[in-house]
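Residue numbers (my numbering), protein chains in the order written: chain A, 1 to 395; chain B, 1001 to 1132.
FYI, nobody ran anything at the bench for these hints, they're computed from the structure.
Please read all numbers here as calculations on a predicted model, not as lab measurements.
Heads up, a few of these hints could be off.
[Said to hold, decoys possible] Capping the alpha-carbon separation at 20 Å, the derived lysine to aspartate or glutamate pairs in DMTMM-like fashion look like this:
no.: 1; chain 1: B; residue 1: 1002; chain 2: B; residue 2: 1121
no.: 2; chain 1: B; residue 1: 1019; chain 2: B; residue 2: 1055
no.: 3; chain 1: A; residue 1: 392; chain 2: A; residue 2: 382
no.: 4; chain 1: B; residue 1: 1038; chain 2: A; residue 2: 33
no.: 5; chain 1: B; residue 1: 1078; chain 2: B; residue 2: 1121
no.: 6; chain 1: A; residue 1: 126; chain 2: B; residue 2: 1090
no.: 7; chain 1: B; residue 1: 1037; chain 2: A; residue 2: 132
no.: 8; chain 1: B; residue 1: 1002; chain 2: B; residue 2: 1090
no.: 9; chain 1: A; residue 1: 147; chain 2: A; residue 2: 160
no.: 10; chain 1: B; residue 1: 1037; chain 2: B; residue 2: 1055
no.: 11; chain 1: A; residue 1: 126; chain 2: A; residue 2: 243
no.: 12; chain 1: B; residue 1: 1033; chain 2: A; residue 2: 160
no.: 13; chain 1: B; residue 1: 1037; chain 2: B; residue 2: 1101
no.: 14; chain 1: B; residue 1: 1033; chain 2: B; residue 2: 1121
no.: 15; chain 1: B; residue 1: 1002; chain 2: A; residue 2: 132
[Unchecked claim] Coverage of chain A stretches by chain B, computed from C-beta distances (three or more under 8 Å per stretch; other residues unrestricted):
no.: 16; stretch: 19–27
no.: 17; stretch: 125–133
no.: 18; stretch: 137–143
no.: 19; stretch: 377–387
Yeah, the Cβ is synthetic: ideal placement off N, Cα and C, and Gly gets one too.
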Amino acid sequence: MNTPLLRELAPQVLGIVLRRFRDFAACEDAVQEALLAAAQQWPSTGVPDHPRAWLINVATRRMIDHVRADVARKRREELIEPEPVEERDDTMELLFTCCHPALSASSQIALTLRAVGGLTTLEIAKAFLVPEATMAQRISRAKATIKDSGIPFAPPTAADVIARLGAVKHVLYLIFNEGYTASEGAELVRTDLAFEAIRLARSLVRLVPDEPELEGLLALMLLSDARRTARTGPAGELIPLDEQDRTRWDRAQIAEGTQLVTRAFARGGVGPYQLQAAIAACHDEAASTDATDWAEIAALYAALYAYDHNPMVALNHAIAIAMVEGPAAGLALISALEPRLAGHYRLDAVRGHLLERSGDQAGALVHYQRAAARTTSIAERDFLLARASRLKGFS
Amino acid sequence: MKFMLMMNTPGGGPYQIAKWPPAAITAHIEFMKQFGKKLTANGELVAAEGLAGPDQARLVKAGKDGAPITDGVFPEAKEFLAGYWIVDVDTAERAYALAAEASMAPGPGGAPLHLPIEVREVMSVPPTEYKP
């Protein structure tokens, strides 16, 4: 089926139907029905000459039916009064609506994938491993919340763009991570999410040019995704960066991401996404762990920490420092983080790693095991247990 | 984040509910139905099942040839899994709130049972890339 075409057209069709009928919840349903109709009919009838117009017509007919059924509550002529449809891309307005601050992160993600990404409810449900009925409810509740918030679907003002682009970037990043962290095989449907996030970020970069953090976000996705196939083994087990087969990294994607982040940095206005992209670029461009510019990575993590004092960033900074100055320096930095990260498995995992490198195998074993008991990720638990089992006999 | 909410019942013998008056049983079942509907309506339900009673439970292990050896469940087991929900929520606190709600299922006199609900996080994929 012509899924890429349908997904590409979805936000365009929704934007046009919305400008005519205004009711976001109903229009979004109508477009979803049109997409499903196309997915059913086009394989036998062939793709129409004007696929976008076909989808707009079907969605519009659905909306007229909806409005007729609703006529007791609203004046029909007021709602279906045709407006001249100008040619412009509504993707940005749609993203702002779907990433509305009144919604929870899981609702923002679901709505963005459906209304802007053109995915069906079933596809989104499969990607997040929940039943279709549950996902359908999550989406319809999200739309009800938007309706109650009373915020109209309208082109954003310049101030809106700045204020709300942050939420959009965050949602796209969450969607990317959902897909990126999925392993192969049974979870293949989830890796599709990484592709969708990259596609949506690309269209946003086109719509809001000269926004360095947006370019940084797209670069970060491309530079991380370039390593995706190398980061898990045949059984879905995690392979750490220093053991990955770097010949499997996607060089074209690395080149594109590096070029993007370099351009973004040159614009000024450096932010967290650009810094994370720059760190990813340092890893991607290195021939090995030893050849990696760890001093540069440490400096980038320090700059990143200045933004929100995130202890996880401080932990990564400590790892980079350990690579430059030795494990003792890293362990000293980690001790200072203890009060803020007490009980977090990542603290134990990193401490185990640094102790192992410093030659304290018994100490490393204790921390690997403690981390394995606390992580909620199966892949990570297996990785940590494998590390610990290599050290058995030292305890 | 996904969590499993496990509802336990005293073990050794059939479900306690079997001894309740019909109206209390109906009210309890209705409560559970409504709770499940609400979870779906919230967009939070992943799965939910009620399990057949302890008297029908069998403990199974493989014999030397791999064939199943079945046994009744040990009568000394104090607690017994009666059913579970798997929910997909944004925070652990939300899962606890839902567990508390399930814990209020009505008992024989219509008063809340305050059932103990065990809440366990379901293992997932890693939140971010593992470095190192």
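Here's how the hints hold up against the structure:
no. : hint            : in the structure
1   : B:1002 / B:1121 : 6 Å, holds
2   : B:1019 / B:1055 : 14 Å, holds
3   : A:392 / A:382   : 15 Å, holds
4   : B:1038 / A:33   : 26 Å, violated
5   : B:1078 / B:1121 : 23 Å, violated
6   : A:126 / B:1090  : 18 Å, holds
7   : B:1037 / A:132  : 14 Å, holds
8   : B:1002 / B:1090 : 9 Å, holds
9   : A:147 / A:160   : 19 Å, holds
10  : B:1037 / B:1055 : 29 Å, violated
11  : A:126 / A:243   : 31 Å, violated
12  : B:1033 / A:160  : 44 Å, violated
13  : B:1037 / B:1101 : 13 Å, holds
14  : B:1033 / B:1121 : 23 Å, violated
15  : B:1002 / A:132  : 16 Å, holds
16  : 19–27           : violated (count 0)
17  : 125–133         : holds (count 5)
18  : 137–143         : holds (count 4)
19  : 377–387         : holds (count 6)
Hint compliance for this structure: hints 4, 5, 10, 11, 12, 14 and 16 are not met, and every other hint is.
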